[in-house]
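Visitor: The lines below spell out each chain.
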Amino acid sequence: AAGVIQSPRHLIKEKRETATLKCYPIPRHDTVYWYQQGPGQDPQFLISFYEKMQSDKGSIPDRFSAQQFSDYHSELNMSSLELGDSALYFCASSSRETGWNTEAFFGQGTRLTVV
Amino acid sequence: AQSVTQPDIHITVSEGASLELRCNYSYGATPYLFWYVQSPGQGLQLLLKYFSGDTLVQGIKGFEAEFKRSQSSFNLRKPSVHWSDAAEYFCAVNTGNQFYFGTGTSLTVIP
Chain A
1 AAGVIQSPRH
11 LIKEKRETAT
21 LKCYPIPRHD
31 TVYWYQQGPG
41 QDPQFLISFY
51 EKMQSDKGSI
61 PDRFSAQQFS
71 DYHSELNMSS
81 LELGDSALYF
91 CASSSRETGW
101 NTEAFFGQGT
111 RLTVV
Chain B
1 AQSVTQPDIH
11 ITVSEGASLE
21 LRCNYSYGAT
31 PYLFWYVQSP
41 GQGLQLLLKY
51 FSGDTLVQGI
61 KGFEAEFKRS
71 QSSFNLRKPS
81 VHWSDAAEYF
91 CAVNTGNQFY
101 FGTGTSLTVI
111 P
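Listed in order, the protein sequences are those of chains A and B.
One point on numbering: in the numbering used here, the residue at position 47 of the first sequence is 47, and numbering is uninterrupted.
One point on numbering: in the numbering used here, the residue at position 10 of the second sequence is 10, and numbering is uninterrupted.
Keep in mind the hints are simulated off the structure, nothing from the lab.
Be aware that a few hints might be false.
[Claimed, not checked] Looking from chain B toward chain A, a few residues come up when the C-beta cut is under 8 Å (computed): (1) 27; (2) 43; (3) 44; (4) 46; (5) 49; (6) 53; (7) 101; (8) 105.
[Claimed, not checked] Far from chain B by the CB rule (all over 12 Å, computed), these chain A residues: (9) 20; (10) 28; (11) 52; (12) 72; (13) 85.
Glycine is no exception: its CB is placed at the ideal position from the N, C-alpha and C atoms.
Next up, chain A with everything else stripped away, as it sits in the complex (with noise of 0.2 Å):
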């Protein structure tokens, strides 16, 4: 069955630099979620969207930016990136159809290192 699929895996930036992950969520499903994970930590949300409108905010830097396609597909776009923003970068979508509060399904993540 398909899955929800990240691009890239890993992403090695330098300081300043900026970075866009790549979130293709399961088809048909209309519900697509940001997490970010450092090392040792539980995911933390970052953003969410429903049929391509911010549904919800998280602990979000302002120096990142996210959108939903009309595709469904999701790109999270970060700039001045810090060092501390070196993390696993989850994605996750669900179907609103099903139900309310379904399951979501996580992508493998982006493992960004910023040096």
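Using the hints, position chain B against chain A.
Guide: Relative to the frame of chain A, chain B by itself:
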């Protein structure tokens, strides 16, 4: 405000022994609860979920969890642990717009 607490940061059990991982939640409405497992460097895999109905839910890999509203708990159990169960386990509450995760419990399995 909603939150999830996993009191045990790290648990060590012997292979074949039983396991219980604790999870307490704080949420004003009916909770939608999940347990995820994460192997090192990997994504989150859903073990089981509770939406409504029977308070004892069965998941994959022989795991089960019991929802106790009076205790605001959703503890994960397995009667006999296998070495491959060693991983990080996260309890989560879904509010509709986002998941709130606990800080995780790291499970070590010894021979």
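Visitor: Each hint needs a verdict: does it hold in this structure or not?
Guide: Here is how each hint holds up against the structure:
no. : hint : in the structure
1   : 27   : violated (11 Å)
2   : 43   : holds (4 Å)
3   : 44   : holds (4 Å)
4   : 46   : holds (6 Å)
5   : 49   : holds (5 Å)
6   : 53   : violated (13 Å)
7   : 101  : holds (4 Å)
8   : 105  : violated (10 Å)
9   : 20   : holds (20 Å)
10  : 28   : holds (18 Å)
11  : 52   : holds (15 Å)
12  : 72   : holds (17 Å)
13  : 85   : holds (18 Å)
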